[in-house]
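Undergrad: Below, each chain spelled out in residue letters.
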Amino acid sequence: MNEPHWEHLIHGHLDDALTEPEQAEFESLMIESASARRRFWELAEVHGLAREAARLAWAEDAAHEAPTGFRSEGSKLTRWLQWRPLWAAAAAVLVLVGVLWFRVERARTAAPFATLMATTNARWADPNVELALSSGERLAGPLRLESGRAEFQMVDGATVVLDGPASVRFAERKVVFVDEGRVFCQCPTPESRLSVITPQTKVVDLGTEFSVEARADASTRVAVLSGKVDVKSPNAGVLTAGEAVEVRRDVVVRLKPLTPEEMQALMPESVSTTVTHRDGGQNKLADPGLESALPSTLWRGTDECLQSAIAAGRTGNAVRIRAGRKSYPIVKQRVETGDVSGRVVQASVWAMSPADDPLSERQFAVLKIAFLNSAGREFACSARHFLHQGLPPGVYVPAQLAAQAPPGTRSVEVQLMLAASSLKSGSVCFDDASLVVAADAAR
Amino acid sequence: MTESDEHTLQVQQLFVRHQGALKAFVLALWPDFAEADDVMQEVFLVISRKAAEFQPETNFLSWARTVARFEVMAARRRRARTMIKAETLEALQAACPEDFATDRKLDALALCMEHLAPKAREIMRLRYQHEHGPGEIAQMLARSVNSINVALAKARVALRECVDRKLHPASTP
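Order-wise, the sequence lines are chains A and B. Counting along the first sequence from 1, when you hit position 31 you're at 31 in the numbering used here, and nothing is skipped either side. Counting along the second sequence from 1, when you hit position 16 you're at 16 in the numbering used here, and nothing is skipped either side.
Check the hints yourself; a few may be wrong.
Under 10 Å between C-beta atoms, here's a sample of chain A residues computed to sit facing chain B [unchecked claim]:
(1) 10
(2) 15
(3) 113
(4) 263
(5) 303
Capping the alpha-carbon separation at 20 Å, the derived lysine to any residue pairs in SDA-like fashion look like this [as the list claims (entries may be wrong)]:
(6) B:85 - A:228
(7) B:119 - A:58
(8) A:256 - A:293
(9) B:85 - A:18
(10) A:424 - B:103
(11) B:85 - B:74
(12) B:119 - B:160
(13) B:154 - A:6
(14) B:154 - A:341
(15) A:202 - A:146
(16) A:326 - B:12
(17) B:154 - A:42
(18) B:85 - A:19
(19) B:154 - A:5
(20) B:154 - A:16
(21) B:85 - A:58
(22) B:119 - A:19
(23) B:85 - A:31
(24) B:85 - A:33
(25) A:424 - B:87
(26) A:202 - A:261
(27) A:424 - B:111
(28) B:166 - A:5
(29) A:326 - B:104
(30) A:326 - B:119
(31) A:326 - B:154
Everything labelled a hint here was simulated from the structure, so no lab data went into it. Computed from a prediction, not measured in an experiment: that's the story for all the values here. Quick reminder that beta carbons are idealized off the backbone N, C-alpha and C, glycines included.
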């Protein structure tokens, strides 16, 4: 058998174009000839990598390409997440959330209507949701949060906080579909106003903070914390701060006015701007200004971390992390808090994308609180994503995160990361971090 | 987290780390992208289920490729597709290079793709970016299936040579 014929058979296999006799011929060749097998792997390697290589090589072309009659993405929405952009992120996120490997319904090229901003012990029915959201994917299907909390920012600025168990869909720019569970919405500007649709009703924001809960008993509860909302069910109408209704099959029941305690309970901690600390808010971090050179006994970091010049910090030095080999280069400090179970822990930091190496699309900074057990192992965490593209380089912005320490917490670690998204450029500078533990449970 | 859970997590992390190479391996055995995606899902589930069988000091890729080979067989059987003999797949796996489909090769291939001639580029985009088969591409471009098969074959050969030149500049002409 001559070599051109080998090539014909191998390419025919790779294009799934062999006839039955050719298939038999191909198999005989592969069993009998070591040279043919070698050639097979040479060409199969190109085939096996070509899809991802095409994405890398022609991503910009695809982004600007007008829809045509023969694009196939629409019919392939339930396909697997492509592997390479995710494995690097997954390697790090595995540590945060563990991983299972399931399908995610998604539209590949569309920008997301909602960006995942923070999580607290979030456990998703499909852990790939977190990976995909962190990669900037728009997920068309429902997001099922089994437990914990997840905070999203809508594209127009509204904040939506899910408390698990909850199922939601971000399928439209200004609409959140809540199939089950409770969401808290904060719409700070007229442009950010949105509607929440549950199986029982539609809630239209009129500039406010409100909570909507789609309940398992086929009812929906709406509670307004500030401003007002319009509940689109007969006899419901506009609700103002402190008012709440229950909608069940178009029957609307006005509930008794919310007490201040009930209103506070509905306001997620991670959204509230301040957390009450009865010990006066003492910062437990050593060297909170990240002044010491890395690595130090206080702050530890990956190779991608270096100390910036004095001018780079808000005050004094700042630590600069640049994209490199790691997907999530990190600097972190562990604080031996002792048993702080049930107490509110709050972390904050300032971060900036430097003008000489700004963050790219899909890169962002991460502030994370890791809760460690008596063996020093992380068993729960809360994380906030911030400094997404769109902010001007060279400007420090703050990030804050609050979470209740779960039972068994013996120490807490503050982690500052760059979500590098497999890119080799892009830096973030961190400065002035804090970790505060409330004297006792705040609520 | 128990010791067993940790071991499973470590095995899953190895899968994530090597999934690019593993996916390329599956695509070599079953070149259909959608089917290969499904096979990868099954491979992950099997690997998670059988994590205890994996010894950390042994070759993960080799173990995972064996799992993948069996999953390709099982999936083809489920789909009632033309079967490839088990011995063929075994012979192919045995010949698979250790450095098959590394990230370095992926980067080189992406660079090479940028320099394809316009016609080859168009066909490769339809095949690998839009995931159409040669028959569909022929219809779209109003050409014969045979001419598309030939163009795809030529483009793959050219890309192979280009990758080799980039990775081994001294040893290639």
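Undergrad: Each hint: holds or not?
TA: The hints, checked one at a time:
The interface hint given for residue 10 of chain A is met, as the beta carbon of that residue sits about 9 Å from the closest beta carbon of chain B, less than 10 Å. A least Cβ separation of about 5 Å between residue 15 of chain A and chain B falls short of the 10 Å threshold, and the interface hint therefore holds. For residue 113 of chain A, the suggested interface contact is broken, since its CB lies about 25 Å from the closest CB of chain B, more than 10 Å. Residue-level restraint check for residue 263 of chain A is violated (minimum Cβ-Cβ distance to chain B is 37 Å; threshold 10 Å).
Hint status for residue 303 of chain A relative to chain B: violated, with the closest Cβ pair at about 18 Å, above 10 Å. Only pairs whose Cα atoms come within 20 Å are accepted, and residue 85 of chain B paired with residue 228 of chain A is rejected, the gap being roughly 68 Å. A C-alpha spacing of about 15 Å is found between residue 119 of chain B and residue 58 of chain A, which places the hinted pair at or below 20 Å, so the restraint holds. Of the supplied pair hints, the one linking residue 256 of chain A and residue 293 of chain A is violated, its CA atoms being roughly 58 Å apart against a limit of 20 Å.
In summary, the hint linking residue 85 of chain B to residue 18 of chain A is supported, as the alpha carbons are separated by about 15 Å, within the 20 Å threshold. For the hint pairing residue 424 of chain A with residue 103 of chain B, the CA-to-CA distance comes to about 14 Å; that is within 20 Å, so the pair holds. Proximity of residue 85 of chain B to residue 74 of chain B is assessed by CA-CA distance (about 12 Å); at most 20 Å being required, the pair is judged to hold. Taken as a hint, the residue 119 of chain B and residue 160 of chain B pair is honoured in the structure, with Cα atoms around 18 Å apart against an allowance of 20 Å.
Only pairs whose Cα atoms come within 20 Å are accepted, and residue 154 of chain B paired with residue 6 of chain A is accepted, the gap being roughly 14 Å. The straight-line distance between the Cα atoms of residue 154 of chain B and residue 341 of chain A is roughly 64 Å, outside the 20 Å bound, and the hint therefore fails. The straight-line distance between the Cα atoms of residue 202 of chain A and residue 146 of chain A is roughly 24 Å, outside the 20 Å bound, and the hint therefore fails. Straight-line distance between C-alpha atoms of residue 326 of chain A and residue 12 of chain B comes to about 18 Å, which keeps the hinted pair within the 20 Å bound.
This hinted pair checks out: residue 154 of chain B and residue 42 of chain A have alpha carbons roughly 14 Å apart, not beyond 20 Å. With a C-alpha separation of about 16 Å, the suggested pair residue 85 of chain B and residue 19 of chain A falls inside the 20 Å cut-off, and the hint holds. Distance check on the hinted pair: residue 154 of chain B and residue 5 of chain A sit about 14 Å apart at the alpha-carbon level, within 20 Å; holds. Of the pairs offered as hints, the one joining residue 154 of chain B and residue 16 of chain A holds, with about 16 Å between alpha carbons and a cut-off of 20 Å not exceeded.
Restraint check for residue 85 of chain B and residue 58 of chain A: the C-alpha separation of about 37 Å exceeds 20 Å, so the hint is violated. With a C-alpha separation of about 27 Å, the suggested pair residue 119 of chain B and residue 19 of chain A falls outside the 20 Å cut-off, and the hint is violated. For the suggested pair residue 85 of chain B and residue 31 of chain A, the alpha carbons sit about 10 Å apart, so the restraint of at most 20 Å is met. For the given pair, residue 85 of chain B sits about 16 Å from residue 33 of chain A by alpha-carbon distance, which is consistent with the 20 Å threshold.
For a cut-off of 20 Å, the pair hint linking residue 424 of chain A to residue 87 of chain B is broken: about 42 Å separates their Cα positions. At roughly 26 Å between alpha-carbon atoms, residue 202 of chain A and residue 261 of chain A are farther apart than 20 Å, so this suggested pair is violated. Between the alpha carbons of residue 424 of chain A and residue 111 of chain B the distance comes to roughly 16 Å, so the proposed pair stays at or under 20 Å and holds. Of the supplied pair hints, the one linking residue 166 of chain B and residue 5 of chain A is violated, its CA atoms being roughly 27 Å apart against a limit of 20 Å.
Only pairs whose Cα atoms come within 20 Å are accepted, and residue 326 of chain A paired with residue 104 of chain B is accepted, the gap being roughly 15 Å. Restraint check for residue 326 of chain A and residue 119 of chain B: the C-alpha separation of about 37 Å exceeds 20 Å, so the hint is violated. Proposed proximity of residue 326 of chain A and residue 154 of chain B is contradicted: the alpha carbons are some 36 Å apart, above 20 Å.
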